[in-house]
Structures are given as structure tokens and as C-alpha cells.
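Q: What follows is each chain in one-letter form.
Protein chains: 2
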Amino acid sequence: MTELNELEQIAQAAADAAAPFAATEPKVRARALNAVADALEAHADELVPLAMQETGLTEVRLRGELKRTAVQLRLFGDTIVDGSYLDVRLDAADPEFALGVRPDLRRYHVPVGPVLNFAASNFPFAFSVAGGDTAAALAAGCPVILKGHSGHPELSKATAAVVAEALAEAGMPDGVFQLIAGQAAGTALLKDPRVKAGSFTGSIYAGRLLADIAAARPEPIPFFGELGSVNPVVVTAAAVAERGGAIASGYVTSVAGSAGQLCTKPGFVFVPVGHGLDDAIAEAAGSWDEHRLLNPRIAASYVERRDAVAGAQGIRTVAEGGVRIDEDGQGWALPSIYAGSLADVEKAGEAVLEESFGPLSVLVEYGPDDDVVGALLEHFGGNLTITLHLGENEADDATRELVHTATQRAGRVLFGGWPTGVAVTPAMQHGGPYPATTNDSSTSVGTAAISRFLRPVTYQDAPQALLPAPLQDANPWRVPQARSRAGESLTWGAKADE
Amino acid sequence: MTELNELEQIAQAAADAAAPFAATEPKVRARALNAVADALEAHADELVPLAMQETGLTEVRLRGELKRTAVQLRLFGDTIVDGSYLDVRLDAADPEFALGVRPDLRRYHVPVGPVLNFAASNFPFAFSVAGGDTAAALAAGCPVILKGHSGHPELSKATAAVVAEALAEAGMPDGVFQLIAGQAAGTALLKDPRVKAGSFTGSIYAGRLLADIAAARPEPIPFFGELGSVNPVVVTAAAVAERGGAIASGYVTSVAGSAGQLCTKPGFVFVPVGHGLDDAIAEAAGSWDEHRLLNPRIAASYVERRDAVAGAQGIRTVAEGGVRIDEDGQGWALPSIYAGSLADVEKAGEAVLEESFGPLSVLVEYGPDDDVVGALLEHFGGNLTITLHLGENEADDATRELVHTATQRAGRVLFGGWPTGVAVTPAMQHGGPYPATTNDSSTSVGTAAISRFLRPVTYQDAPQALLPAPLQDANPWRVPQARSRAGESLTWGAKADE
Chain A
1 MTELNELEQI AQAAADAAAP FAATEPKVRA RALNAVADAL EAHADELVPL
51 AMQETGLTEV RLRGELKRTA VQLRLFGDTI VDGSYLDVRL DAADPEFALG
101 VRPDLRRYHV PVGPVLNFAA SNFPFAFSVA GGDTAAALAA GCPVILKGHS
151 GHPELSKATA AVVAEALAEA GMPDGVFQLI AGQAAGTALL KDPRVKAGSF
201 TGSIYAGRLL ADIAAARPEP IPFFGELGSV NPVVVTAAAV AERGGAIASG
251 YVTSVAGSAG QLCTKPGFVF VPVGHGLDDA IAEAAGSWDE HRLLNPRIAA
301 SYVERRDAVA GAQGIRTVAE GGVRIDEDGQ GWALPSIYAG SLADVEKAGE
351 AVLEESFGPL SVLVEYGPDD DVVGALLEHF GGNLTITLHL GENEADDATR
401 ELVHTATQRA GRVLFGGWPT GVAVTPAMQH GGPYPATTND SSTSVGTAAI
451 SRFLRPVTYQ DAPQALLPAP LQDANPWRVP QARSRAGESL TWGAKADE
Chain B
1 MTELNELEQI AQAAADAAAP FAATEPKVRA RALNAVADAL EAHADELVPL
51 AMQETGLTEV RLRGELKRTA VQLRLFGDTI VDGSYLDVRL DAADPEFALG
101 VRPDLRRYHV PVGPVLNFAA SNFPFAFSVA GGDTAAALAA GCPVILKGHS
151 GHPELSKATA AVVAEALAEA GMPDGVFQLI AGQAAGTALL KDPRVKAGSF
201 TGSIYAGRLL ADIAAARPEP IPFFGELGSV NPVVVTAAAV AERGGAIASG
251 YVTSVAGSAG QLCTKPGFVF VPVGHGLDDA IAEAAGSWDE HRLLNPRIAA
301 SYVERRDAVA GAQGIRTVAE GGVRIDEDGQ GWALPSIYAG SLADVEKAGE
351 AVLEESFGPL SVLVEYGPDD DVVGALLEHF GGNLTITLHL GENEADDATR
401 ELVHTATQRA GRVLFGGWPT GVAVTPAMQH GGPYPATTND SSTSVGTAAI
451 SRFLRPVTYQ DAPQALLPAP LQDANPWRVP QARSRAGESL TWGAKADE
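Residue numbers (this note's numbering), protein chains in the order written: chain A, 1 to 498; chain B, 1 to 498.
Hints may contain errors.
What the hints assert, rightly or not - Here are the simulated lysine to aspartate or glutamate pairs, EDC-like style, with alpha carbons at most 16 Å apart:
1) A:191 with A:219
2) A:27 with B:497
3) A:67 with A:45
4) A:27 with A:82
5) B:67 with A:25
6) A:27 with B:498
7) B:191 with B:8
8) B:27 with A:497
9) A:347 with A:371
10) A:495 with B:82
11) B:67 with B:46
12) B:191 with B:154
13) B:67 with B:87
14) A:495 with B:25
15) A:67 with A:46
16) B:27 with A:498
17) A:191 with A:169
18) B:495 with A:25
19) B:27 with B:82
20) A:191 with A:8
21) B:191 with B:174
22) B:495 with A:82
23) B:347 with B:378
24) B:67 with B:41
25) B:157 with B:82
26) A:67 with B:25
27) A:157 with A:54
28) B:191 with B:378
29) A:67 with A:96
30) B:67 with B:38
Calculated from the structure, these hints are not laboratory results.
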């Protein structure tokens, strides 16, 4: 645990690093991100065993995740190199401006300042110390204070040492990356005026608590929390007829992988009454080996959730799975699949509808008169993803309404496939309406995530010598500069008629 | 006042309009914005006299403001026509993706849904019914519910009728623009789950109250409040020597215009001890005529603020100005300029440092040993603007530190000139650290304001027939589509070394 009396020094070190770090040329920061990526890969043989021990995740998964984390850092480096993320806009002084003389205006984005990231339990690399939020904040030019997750404290320390050393060797200022531990330290720092933004991946309970703290500060700050998502899937009768077997096995794989401890695990799958997939699902589920849950606390919660679902009125068991608690309190789980009618699921309320963090999912059986669209709007929350399994040429009005509804209730809409496995790439959207996230204006995966840690500033009639590099006419960093020319305002409104 | 039992219907009408309005092609929405602009100008002779009567602002000012409002609507139309605001990103499916097969991913921005705008008192056109927040939300494709300001109720009704009629004639759906009145109706609607974002221009007290309501909803929503700003100006000794007289008269004009009831009025001007500008300022202030304050409530607050400043220890009067309350409770004010040492101003605390809404400003006299940078950081809040009046070639380290500090504490940094008069243009930034705004990630003036009312959505492996127009390969709206090609991920990280 970080002692509260250490926090003053940590906050001040981050604040002191903010100005010199913000002033680094994007190319230089990109090289530093590459250096962190290289260092992580170089230390894989030290870090992966630590992660296996502390999380129970498999070596294959963790080596893949470490690679993903490195690739993510390099992608963010690539993203900032050309400076387009700065969104530079230069308005020429304009004596003919439609509303009187316009001054010379130059706008771009600056880093918000120190960012406090709360790491997740379930991705000890990709959503933890050197994960996406850290990569995005560092790419933006913000010092990072990382609140490590209590589920993997030793890995957090070891990873933080690798990150901090790589950044120092790349010439980044002291205080640009610091690790803290403990909930008390995290909430105390979130209230510190030197912290300018927060990010978080975890439970609805903890995330909302922190979001409320951020909003209630004397100076509120943006807080990007990724909380809970049940990731509904809708399978049409045509899809079942075309490829029921493939859907059954893909479903079970998506639920069982990493013991279902993924934010995009499909928690509810709408299937038509009489789908006939029970046997295929049970068989697929039976082929999986026991997988350890991340930690005893998660195991205990999972047991409780599983009992609640299994015991709800009208719910039947398709694949019993099960969970065994060992002498250390660790849980070992097999995929558990339940089923019930849409009416019974809705009637059961929270007992069934709440997210179950672990390899559990519920088939929601709908009849021809059931209102699937209404159910998605009313009972299944805001989500990171909604997935539609349609027949090959299904594109009628009902289908379009389903697509529209999915767009309203999720940040990513999939057609076929399964939502687990989130590609780190420019067009990814990992966010969604509350409670999927506390702030739906951005993403926590993919290059657009950088915008969360930037704020716009405009300079008016500034002498060239006092302008930041990206706004200078000489443009020494050679960033894209969007120019609004003098005289343009006289024809505003004309484009719509062209 | 809008009765609370009418709100159900209003919220539902906005919700019903959301989908058809979101589906309109940008070019069609742009034409609708042009139609609103044309209609406002066509009704100027009806609207301007109403505004004069309800606000006490001058005809010249109000005709200019109405024109600005119309230009603003046309500019937003121009902004959306080409579709670049959608930020379309297409990632090709990629079997060689560094982390395993990448699906086809297509990301763009959709309107957030109904927006509740709280109008300001001081710009009865430009920050009111048809003002910037309305223009930005409509441009984004969001239905608007406009909470009219109690200071100009008849003008609000008349303007709303013009806007609604123009939108209907342009073929926009019913419910796309609605007016409500009364604080109770505004706060009740802000809690309605069908409202998806809020915006506000007004006092710190009311704005923070509303921001807290938005953050405390079961589903929190983004709230863009523009609250308070004292807009510090720093004048160096070199600037006084070069052009003291011009600074004095420019200063008074900026304080006195519109009776100082502007969010960017320079409230505090740091001048070097012994500046010798008292007489020039007093003379300039004496040349102004009495100007009516917006309404009796504002007049009463202004009298109170002015008394507090004038009565604070160590504060002397440079231009007495004054304020006269007539038999209707309306206030008539002349510019009042006070002065005091930095130490005395800081010692007086809130009595002097709080924003005074009206034609009052304070000269803050600093000596060679005073810490102006420290004062800006500690005592003068987050601001919409900070203005620097420098000598012609001043660009030493102290000047650079001043520029850096201004960037930390404001959204717009001016070099010479005065912060009042906010150009509506792509590079404008009208926002800033709290309490200037509750959310510093965007602007409320200029084309970037549209981003406040959009959220990103990604479609994965969607059939062309079910994709929204901007994401289709055929690209029927011909919007810019940024493509990430297959194979690219294999070289991520390389750009920094090029």
C-alpha cells in the first residue's frame, strides 16, 4: 500500500513532469513508447510467470496479452508522430470577416496534465500498468500515476519498474510514470487538484463511486470509467437454420475463454424458442477444462452470482459447468450456460440480469410475439457491444430496427462473430452508454482513446516567437495545419446548395 | 412557465424526433440551418425591438448579434456538409494483423440524442434560443429542447416560433426544436432519461447546480456549462511604455461595452506599479453614456458586487462610474474602475476576486518582486481568456513562463487586444478550466462545438446493406473516409524512426 503521506510527493512529481513532458516533440514521445514496448517484450520471461501466479491466466493468453500491450504502445507512437491528433486549425486574420475584423487565431490540443489510471484485474498487461490508458495518456503527453490492481501487486511493481526505466532511458522527465497501491491512496489522489483526469476499468460499484468523486471535486475533472456490460447477442431464426452448430460452439468459446472474465463476454444470447441448440452447447461446454478465476474475491462473487441465476424462477440449466473453491479460496470454473424465456428473465430482474463476471451466460428464448427491441432498450443496459447473428440476406425493416436499437445501446455493433477479442486499431470503439462507460464521448481501446487526455487552446494574434511549434508558420514539426482563409466567411452557408 | 405535466410530452416528442433527425443527410440539415438563419434575418424588425425592450441592450449591438447568430448557423451548416465531422475510420479486415485476424471495422459519430440547452441572459440571440449551442446540436443531428432565459421571455417565444417554423418548412421532423420556460421545468427535464446531454451559459451557482444534477443521474450525461471567468490581463512595463494610452482606452471600451455583461469582460488587469494610466482610464470612462443592465436582478447583484469591491481595504477608485436604480428596478451603469496592489487584492479575497457581472474592473498593481505567475495560478481561477500585453520584442524566459501559465489557466490566450468580441470561426476556443466551464474538452463557440453532441459507434463485419451511408464502400454522401489497410500493423512503431 502507498502511505498517504507519500502522496504529496507523488502528486507534486507528476505536476512537475507535466510541463517538460508536454513540450516533448511527438516523435520523441513515440520513440519512448517504442522503448517501453521493447522493454516489456525483453522482460516477458520475468513478467509472464509472475502474472500466471497472481492471476491464474494461462501462459498462452498472457504472452498474447503482453504482445498486444507492446503493439498497442507502438500503435500509439505511430498515431502521434504525424501530429494530426493535435487537430491544428489556423484562421488567418480577416479584415473582411462577416462580423467585423477577425484576429489571427490558432488552435490545437494540449495535454490535460497528470492522469490517474485505475488498473483492471482481468488484463494484467493490456488494461493494467502499461495498458491502453497508460499508452494513451503518455502518447497525449500526460504524466501517469497508475493505481495498481490489488489482484496482481508483484506484477504491477515489476512492470512499473520496466516502464519507468525505459521512459527514463528514453530521456523522459522524472515523475512521468509512478505506481501507487491501495484504494485509500487512489481515492485520495483522485481528489488532488494536481490530478487533471481519471480513467478506470472495473466494476460498476467502484467505478461509479470514483466517477462521483471526480464530479464532486471543487474543480471537477473528466473521468473515463469502463464499468459493466452484459453484451447482448441476438440470433435470428434464419441464422439458427443456416449455422446453428457454428453459433453454439462460437458462443461457448467466447464465454469460456479466460474463464469468462472479459468485459465483452456475451452475457445474454437471444435465441428463438425451439432453437434446438441445447445439446450442441452442452457438448461444446463439456470440452473445456477447469480454469482458475482471477482471485478469491472474484471467485466468491461468481459463486454468488451463479447461484442467483441458477435459482431464479423459470431458469433451466443447459450446461451445468460448476465452480470449485480450493483450499486457498481460489475458484476453478467450467462454463455454465442457463436458459429461460424472455418473460422469465425479465421477471427475475437483477438476480439474472446483473453482470456475472465469470464463464456464465444465459440464453434468452423469445417467441414470435416477444418484443426483443423493447427488451434491449429497457432491461439490458448500455453496453460495450451488441452482436447480431442474422440470416445471410436479412435486411428487412425489423432487422433495420434491430440495428438501430443496437446502435443506441452499444458502442460496437457486430454482425456475426463474437464480441470478445477487441482489436487495437484506429476504428475500434470500446465504450458505450452507461453503465458500459461513465463517459461515452470516447473509447478506451484504439487510437481515438488519446482524445480523452487532451484539451483545446487557442492563441490569438500571438507573435511567432511565442507560439508553440505546431502553430508556427514555419511548422518545424511538420504537422497538418487546417487553414481557414481570409474572405471565406462571406460565402458561409453556400456549400449546402452546391 | 412550462407546466411540469407538459414535460412528458415534450421529452417524448424530442425522443421521437431523434431517429429521423439523426438519419437526415448532412447537406439537408445544413439547408435547414440556412433556412433558420434566413428566417431570423427576415424577422429582425420584429425580434430586435422585443430584445431591446427586454434586455436594455442597444439596437446596434442587437442587430449585430442577430447577424452573428445567423452567420453562426450558416457556418455550422458549412461545417457538416462535407461530413469530415463524422471522423469516419475504416479498418480493412486483416488476416495478417499483428495480434491475430482483424475483422472489418467501421467507426463514425452519431448524434447523442435530445439535448437540453439552458439559454443565457446576456446574449438574447447568440447564446439563447437560436444561439451557438442550438446551432451545434442541430448540426450534429440532435433534437433541441431550449430552456428560455427568464430575462427575455417574449423574445424567446417569438424566436422559437421563427426557428420551429423554418425547421418544419425545411422538412425536419416534428419535435426537433421545442421551447420550455422556468427553472423547475429545466431541472426536471435535465433528470429525464430521454435527455442525453445538457448545455448551459450562466452563473457559477446555477451552472454547478445543474452540472451536479447531470452527474448524479442514474445514467449520468455530459453537461457543458459555461459558468464564470474573470479574464485576467497582464500588461508589462514595456507595453505601458510603448502604448499606455491605447491600452487605457482599449481597456475601458472592453469593460464598458454592453455594460460589461460579457463572459469575456476583462475583470482584472495586472499593471506595473507606477503605470501612470489613472487619468487616461478615468477620461476614457467618462466619455461613456449610462447603459441599462439586463434586468433588475442583475442590477441588484451588480450594486452589491460594486459596493464590496469599492469598500475593500486598500482599494482605490480610478473611475467612479456608478449605478442608478430607476423606479422599475432597472439599473443604469457607467464604467467603474478600481485599483489596488496585488497584495491587497489577494488579501481582500472573494470580496474583490469574485466575478462582477457589469461594467466594473480592477487594476491589480504589481511590483518588481510580486509573483504574477503565482497569483494567476492561485487566485484568479480557470478562465475563458487570459490576455498578455507585451513589449514589441519581449520573449525572454519570464515572458515564456507567463505564456505557459496562461495556457494552463485559460482556453484562449491573447497577445494584445481585448478578450470581448469572440469570433465565430473554426479555430475559436471558448472554454477553459473550471469554473470557466464544467467540461474543458470542447468549446461553446466555433465549429469544434459540434463534437460535444456526438458519440462514436463502430460496426464490425457489417453487410453493406445494413451500414449507415457514411460507412458504406459506395459512400453515397461522399464523406472523407480514413482507411487503415491490411498489413499495416506489421510495421507499427516504425514511423518514429523514419
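Q: Compare the structure with each hint and give your call.
A: Hint by hint, here is what the structure shows:
1. A:191 with A:219: Measuring from Cα to Cα gives roughly 9 Å; hence the hint holds.
2. A:27 with B:497: At roughly 8 Å apart (the allowed maximum being 16 Å), residue 497 of chain B and residue 27 of chain A satisfy the hint.
3. A:67 with A:45: Between residue 67 of chain A and residue 45 of chain A the Cα gap is close to 12 Å, so the pair holds against 16 Å.
4. A:27 with A:82: Holds, at about 8 Å.
5. B:67 with A:25: violated (42 Å)
6. A:27 with B:498: holds (9 Å)
7. B:191 with B:8: The hint holds at about 12 Å.
8. B:27 with A:497: Since the Cα atoms of residue 27 of chain B and residue 497 of chain A sit roughly 8 Å apart, the hinted pair holds (cutoff 16 Å).
9. A:347 with A:371: holds (14 Å)
10. A:495 with B:82: At roughly 9 Å apart (the allowed maximum being 16 Å), residue 82 of chain B and residue 495 of chain A satisfy the hint.
11. B:67 with B:46: holds (14 Å)
12. B:191 with B:154: The hint is violated at about 26 Å.
13. B:67 with B:87: violated (30 Å)
14. A:495 with B:25: Cα-Cα ~14 Å, so holds.
15. A:67 with A:46: holds (14 Å)
16. B:27 with A:498: Distance ~9 Å between residue 27 of chain B and residue 498 of chain A Cα, so the pair holds.
17. A:191 with A:169: violated (31 Å)
18. B:495 with A:25: At roughly 14 Å apart (the allowed maximum being 16 Å), residue 25 of chain A and residue 495 of chain B satisfy the hint.
19. B:27 with B:82: holds (8 Å)
20. A:191 with A:8: holds (12 Å)
21. B:191 with B:174: With Cα atoms ~22 Å apart, residue 191 of chain B and residue 174 of chain B exceed 16 Å; violated.
22. B:495 with A:82: holds (9 Å)
23. B:347 with B:378: Since the Cα atoms of residue 347 of chain B and residue 378 of chain B sit roughly 13 Å apart, the hinted pair holds (cutoff 16 Å).
24. B:67 with B:41: Judged against 16 Å, a Cα distance of about 7 Å means the pair holds.
25. B:157 with B:82: violated (33 Å)
26. A:67 with B:25: Given pair residue 67 of chain A, residue 25 of chain B is violated - Cα atoms ~42 Å apart, limit 16 Å.
27. A:157 with A:54: holds (12 Å)
28. B:191 with B:378: At roughly 35 Å apart (the allowed maximum being 16 Å), residue 378 of chain B and residue 191 of chain B break the hint.
29. A:67 with A:96: Violated - the C-alpha atoms of residue 96 of chain A and residue 67 of chain A are around 55 Å apart, more than 16 Å.
30. B:67 with B:38: Holds, at about 10 Å.
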